[in-house]
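Colleague: Listed below are the residues making up each chain.
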Amino acid sequence: MMERTAVEGRSAEAPARSRGLEPAIRVSGLRRDFGERTALDGLDLRVETGASVAILGPNGSGKSTLLRILAGLLRPSGGEVSVLGLDLPKETHLLRGKVGYLGHEPLLYRDLSPRENLQLSAALNGIADDQAGPRIDALIDAVGMGARAGDRVAELSAGMRQRIDICRAILHEPPLLLFDEPDAHLDPEARREIAPLIAAGDGRTRLVVSHDRGAATEDSDFVVELG
Amino acid sequence: MTAFVALLRKDLRVELRTLRSIPSMALFAVTAFVIFRFGLDREQLSGELAAGVLVPTLLFAALLAINRLFVAEREEGGFDLVRLAPVDGTVLFAAKASALVVYLVVLELVAVPIFALFFLDSAAGLLPLALVLLLADIGLAATGTVISTIATMSSARDLLAPLILLPLLVPLVIAAAGAGEHLLAEGGPDYGRFGTWLGLLGLYDLIFLLVGYATFDFLLDD
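Listed in order, the protein sequences are those of chains A and B.
Numbering of the first sequence is given in this note's numbering, commencing with residue 11 and proceeding in unit increments.
Numbering of the second sequence is given in this note's numbering, commencing with residue 33 and proceeding in unit increments.
Just so you know, the hints here were simulated from the structure itself, not pulled from any lab data.
Just so it is clear, CB atoms sit at the ideal spot from N, CA and C, and this is done for glycine as well.
There could be a bad hint or two in this list.
Some chain B residues flagged as far from chain A (calculated, every beta-carbon gap over 12 Å) [to be verified]:
#1 Ile54
#2 Ala64
#3 Asp73
#4 Arg74
#5 Glu75
#6 Val137
#7 Ala188
#8 Pro199
#9 Pro203
#10 Gly210
#11 Asp222
#12 Thr228
Covered stretches of chain A, going by a simulated chain B footprint (3 or more residues, C-beta under 8 Å) [said to hold, decoys possible]:
#13 74-87
#14 112-123
#15 134-143
Some but not every residue of chain B turned toward chain A, in silico, with C-beta under 8 Å [claimed, not checked]:
#16 Thr34
#17 Arg45
#18 Asp112
#19 Leu116
#20 Val119
Work out the full structure: start from the sequences and follow the hints.
Modeller: Rendered as C-alpha cells:
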C-alpha cells in the first residue's frame, strides 16, 4: 500500500507504483492564461506510472485547466509538459487515444442512445466491431445501465449520463485516466459500482479532480492541492 | 466500422431522429418559390431568371443547415471527442461535408420538382441540372464545413458564417447559375458552354476540398 501524502502548494511529486518506468506525467513551470487571467502559474508536478493522484483546490484554482492540458485539449501558455513520455503540445497527436478523459460536461450526443454513443467512441478509437460489442455490453452492465442503454441520452438523469460518460472514457482501455469529479451526480451505490472500473494500478495512472477531501485522500496515493 | 462511417452515420441518424435541418431547409425553399411566384408575377421562368431564382434559393436554404452543422459538436463535446481519439481531424471534415451533401441532395429532391411545377414548362433540363447541383453541393458542403467550424468558435457565429461564407460562394453561384441558365433556356437545354461551367464547378470543389483537408486539423486545435 502506498503512503498517502498531502502536499500544500504548487510543487508535488507522486510516489511510484512501478519503479523504473518513465513517469506518466512530468510538468515543469506550467502556466496557462485566459486573456489577462492566469489559471495556472508555475506548476511543477511529477506522477509516476501506476499512481493514483487526487487534485484538490477551490473553484478557479486551475484543476480542470490542468486536466485539459494533460489531455492535450488545451495548449499551455508556458512551461514544459510531458504525458506518457510525449512532449505537449508538440506531440499531442501521438497522445490521442491514450487518455481516458472525463470532463465537467459529458462528451455524449444527447440524441443518441448510450449504446450508440459508445459505439461511436469505439469506432473513433479504432476498436474493431467484434471487440467493441462485448466490451460495450460489459461496461453498460457494470454501471447498471442495461435497461436504459437504448434510450436517448437526453432522457437520462445527470447521474446516468455520468455513468455512461465514464464508460466512454475507459472503453478504449487507456493507460492514463484524467477524471474531473467522477463522483458528480452519482449516488453511493453507483459510486461503489464504478470505483473498481476507474481504479489505478496495473500500469494505469489516474488523476482525479475532487472537492471531497475525505474521499480523495482515501482513494489516492497522493494529493496535490492547487490554489 | 471506420471513424468516417461512424461520424457520418451519427449525423444522419440524429437528423433522421430530430428532423432539425432538412425540413426547415425544404420549407424555406418552397416558401421562397411561392414568394417569387407572386413577387415576379410570372407563371413561367426560363434562362437566367430561372437559374437566378433556383440557385440562390437553394444556397440560402443550405445556410440553415450550415449554421446548425456543428451545434452538437460545440454543445455536446463532439470536438473534444474527436480530439481525444486517434483520428485525424480531417475525418470529421469529410464526415460533416458528406452529411451536408446528403442534406442538400434531399433538399433538392423536394425543392427542384416543386420549382419545376411552379415555373418550368419543360423538365428536359432537369436531368443535366442534377449534375450541376451535385457539383455545387460538394463545393457548398466543403466551404460551408470549413466556415461553420470557424464560426462555431465565435460567439457571433450566426452572423459570422453567412458573412464569411457568402463572398466565398460567389464563384460557385456564378458557375451554377451560368450552367443552369443554359439548361433551363426557353425551348430546351443548350449545352454550348455546359462543359466550361462544369469544369469551373469541379475546380471550385477541388480547391475547397483541399483547403478543408489542409486546414481542418489546425482549426480543431485549441
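Colleague: Which of the listed hints are broken here?
Modeller: none
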